[in-house]
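Asks: Once you have looked at the hints, place chain B with the ligands on chain A.
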Amino acid sequence: MVFIEYIYCKFLFGGIWMQLFFDRKDDVLLIKLMGELDHHSAEEVRIKIDNKIDETGLNKIIFDFSGVNFMDSSGIGVIIGRYKKVKEFNGKVAIINLKPHIKKIFELGGLFKIIKEYDNLQKALLEF
Amino acid sequence: MFQNEMKLEFPSKSQNEAFARVVVAAFASQLDPTIEELSDVKTAVSEAVTNAIIHGYENTQGTVVLKCKIDGRKLTVEVIDYGKGIEDVELARQPLYTSRPELERSGMGFTVMETFMDSLEVESEPGKGTRVIMTKEFKQL
Ligand SMILES: Nc1ncnc2c1ncn2[C@@H]1O[C@H](COP(=O)(O)OP(=O)(O)O)[C@@H](O)[C@H]1O
Ligand SMILES: [Mg+2]
Numbered sequence: 002m003v004f005i006e007y008i009y010c011k012f013l014f015g016g017i018w019m020q021l022f023f024d025r026k027d028d029v030l031l032i033k034l035m036g037e038l039d040h041h042s043a044e045e046v047r048i049k050i051d052n053k054i055d056e057t058g059l060n061k062i063i064f065d066f067s068g069v070n071f072m073d074s075s076g077i078g079v080i081i082g083r084y085k086k087v088k089e090f091n092g093k094v095a096i097i098n099l100k101p102h103i104k105k106i107f108e109l110g111g112l113f114k115i116i117k118e119y120d121n122l123q124k125a126l127l128e129f
Numbered sequence: 025m026f027q028n029e030m031k032l033e034f035p036s037k038s039q040n041e042a043f044a045r046v047v048v049a050a051f052a053s054q055l056d057p058t059i060e061e062l063s064d065v066k067t068a069v070s071e072a073v074t075n076a077i078i079h080g081y082e083n084t085q086g087t088v089v090l091k092c093k094i095d096g097r098k099l100t101v102e103v104i105d106y107g108k109g110i111e112d113v114e115l116a117r118q119p120l121y122t123s124r125p126e127l128e129r130s131g132m133g134f135t136v137m138e139t140f141m142d143s144l145e146v147e148s149e150p151g152k153g154t155r156v157i158m159t160k161e162f163k164q165l
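Residue numbers (this note's numbering), protein chains in the order written: chain A, 2 to 129; chain B, 25 to 165.
Same shape as in the complex, but just chain A (with noise of 0.2 Å):
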């Protein structure tokens, strides 16, 4: 049934891969990602993230990864590029929510080296 029903929202509505939601904490950009991170969404993702940080110039990110149900390695490269641009900034990378499934790729690509997991949002905020 569920798949199903997956199959059916996938085609139905092709388009809708991946949706991006940007907000705004103080000196920090919060942004949210809802859907499946692959190769055929990380180009997107990678340029409309890339866009809000040079909009608002904000260096420290906290990608909040609850909406986030499928991610491969592709993602990875998300992650990491976004990562190494802040740094040019002296910025930062966080990360919340994470599914079990997603946090092994993490894990699996050393992201845990370079970002910081929190248990939620205002944690992350205290403490990031």
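Treat the hints as calculated values from the structure; they're not laboratory data. In this text, all values refer to a predicted model and were calculated from it rather than measured experimentally. Each hint should be verified, as a subset may be incorrect.
Stated by the list, open to error - In silico contact screen, one side only, chain B against chain A (beta carbon under 10 Å); selected entries: (1) E33; (2) K37; (3) A42; (4) D64; (5) T74; (6) I77; (7) R117; (8) L120; (9) T122; (10) E128; (11) S130; (12) T135.
What the hints assert, rightly or not - Okay, the calculated beta carbon distance ranges per label pair: (13) D55/A - K93/B: 45 to 53 Å; (14) N52/A - V89/B: 32 to 40 Å; (15) I115/A - S123/B: 18 to 26 Å.
Cβ atoms here follow ideal geometry from the backbone N, Cα and C, with glycine treated the same way.
Replies: Then chain B with the ligands, alone, in the frame of chain A:
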């Protein structure tokens, strides 16, 4: 022993990455997999199909072949392209190795396939194409 198989062909468009992993997940659900097993398979398929599209065919268009087989509780997935092939498979399989860093590739695709499946075989010939064969044994119910 329960057996089943399927074969699918599609053009090397990036939209088909999601299509392929959903199809394999639907096919594998006859084995009553756990959510985790299903996520593992979907991720591995996504990696192999993405590689066929971006590395095998680069910017040209070609056909990707996806074959799945069930033998008992074992799932075998094959992803085949007739693209550019791999010169040095051993090097390509190394974690972090990528020939396309300018595309922000992480070089972790083969590592993900190896980690999330039980076995991974890569057969490739430069100029002819690449065949990736992965298997996974699902837990007994
Ligand atoms: N189907 C394929 N055809 C040609 N080359 C491939 C194929 N799959 C993988 N490769 C080569 O192997 C390398 C490593 O693949 P992978 O681990 O998935 O990393 P990435 O896709 O991030 O580059 C690729 O950069 C590419 O050079
Ligand atoms: Mg890859």
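Asks: Hint by hint, note whether the structure agrees.
Replies: The hints, checked one at a time:
no., hint, verdict
1, E33, "18 Å, violated"
2, K37, "9 Å, holds"
3, A42, "6 Å, holds"
4, D64, "8 Å, holds"
5, T74, "4 Å, holds"
6, I77, "7 Å, holds"
7, R117, "13 Å, violated"
8, L120, "9 Å, holds"
9, T122, "9 Å, holds"
10, E128, "4 Å, holds"
11, S130, "4 Å, holds"
12, T135, "6 Å, holds"
13, D55/A - K93/B: 45 to 53 Å, "49 Å, holds"
14, N52/A - V89/B: 32 to 40 Å, "38 Å, holds"
15, I115/A - S123/B: 18 to 26 Å, "23 Å, holds"
The structure does not agree with the numbered hints 1, 7 stated previously, though it agrees with the rest.
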